[in-house]
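> Heads up: the protein sequence lines correspond to chains W and Y, in order.
Read in this note's numbering, the first sequence has 74 at position 74, and its numbers run on one by one without any break.
Read in this note's numbering, the second sequence has 53 at position 53, and its numbers run on one by one without any break.
Here are the in silico distance ranges between beta carbons for each label pair:
(1) W:248 to Y:59: 43 to 49 Å
(2) Y:2 to W:81: 36 to 42 Å
(3) Y:2 to W:146: 24 to 30 Å
(4) W:248 to Y:13: 46 to 52 Å
(5) W:159 to Y:7: 38 to 44 Å
Here's a subset of chain W near chain Y, in silico, CB distances under 7 Å, partners left out:
(6) 72
(7) 83
(8) 85
(9) 88
(10) 101
(11) 104
(12) 226
What the hints contain is simulated information worked out from the structure, not anything from laboratory work.
All of these numbers come straight from a predicted model, not from anything done at the bench.
The beta carbon of each residue, even a glycine, is placed where N, CA and C say it ideally should be.
Letter by letter, the chains look like this.
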Amino acid sequence: MIRATVGILAGVGGGFDADYQAVLDYATTQGYTLPSASQQALQNQLVVDLKDAGVWSKLDTFAVFATDGNEDFALIDWIRLSQYSAVNSPTFTTDIGFTGDGASAYMNTNFNLANDSVNYQQDSASKFGWINGTPPDNDPFDGVSDFSSYNSVNIRTLSVFQWRINTSSNSNVVASNLSSDYLLHYYRDSASSSGFYMDTTLTQSNTTASASLANATQIIMAGQSSWGFSSLTISAYGMGDDLTAENTDLYNALNNYLTSL
Amino acid sequence: MIVLHPNTEQYNALNGYKHKSSELLFVKDGSDKWIVGLNVLTDPNFEPIRTQLEKLERIEYTPFPPEPDDEP
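Build the full structure now, drawing on both the sequences and the hints.
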């Protein structure tokens with residue numbers, strides 16, 4: 001409670017968390033439009049919550065697309081203090097995030113799995129994103145920049161997923177109950193153990209073997225080439241070390257932020 | 001859905017264009033044609049190349065065929 005109060009009041013009197021202040025400073029240097037003062041307090045609280053949960057220190061890349069800052073601010077990687085790319089003009093909606101056009105638009109994290117990973121490792125890794133609204137059928141959630149099957153996820157219908165984390169050799173289909181506004185969190189906790197959460201529910205786990213991290217950047221709203229491109233709306237995205245133990249806290253932190261907008 | 005299709009000269013001139021955080025990269029549709037969505041025509045970051053984008057051929061997008069289910 002005390003830290004929550006500190007986080008909310010920080011926007012009034014300054015004293016933001018140093019890592020969130022670094023995001024604001026980076027944006028100011030770049031000439032981006034910052035979020036409103038009230039949203040800065042909420043975003044600061046998000047960082048505080050992620051740190052309290054032990055999530056922040058495990059992340060290699062993290063972006064919050066749902067903001068009342070401008071599109072450039074929405075594309076900041078809060079961990080690396082660099083930019084995601086908006087490829088072929090996904091639509092940015094204030095306080096919601098980016099939406100694909102179902103034809104060619106996607107996001108590129110510019111995070112190269114083989115070269116940039118510190119916490120995200122072949123056999124200990126998580127990637128997650130928050131889907132806004134109800135996705136239509138056949139929507140790639142993420143993948144890699146060479147449009148291979150490696151590390152790719154496709155929401156085929158509201159009840160069928162294809163998913164992979166640090167592998168390209170297998171595709172998995174699972175019944176789900178996706179409706180709207182969901183955290184999707186895919187993890188790998190060993191060379192032969194992976195799974196995924198929807199919100200706080202462990203939806204499926206399996207024993208698919210891992211493969212070396214691809215020399216490609218992680219992309220969002222596109223996956224393997226034969227899937228086409230997505231119409232999803234994504235509000236946040238991140239990658240890092242295995243966050244299985246922190247999943248509930250990750251969900252709560254993101255849900256608290258997004259439902260406060 | 002209508003999308004934009006470049007000829008070879010247009011592809012070479014426009015593919016990879018970057019401005020701020022926006023990037024233009026043609027992708028292939030289900031008929032193996034290079035395309036890009038109409039959103040690029042209204043992206044402020046593509047204003048410097050808008051005249052060239054408006055000259056691209058407008059074609060009907062070909063979706064990819066659904067894949068068979070994989071093993072659960």
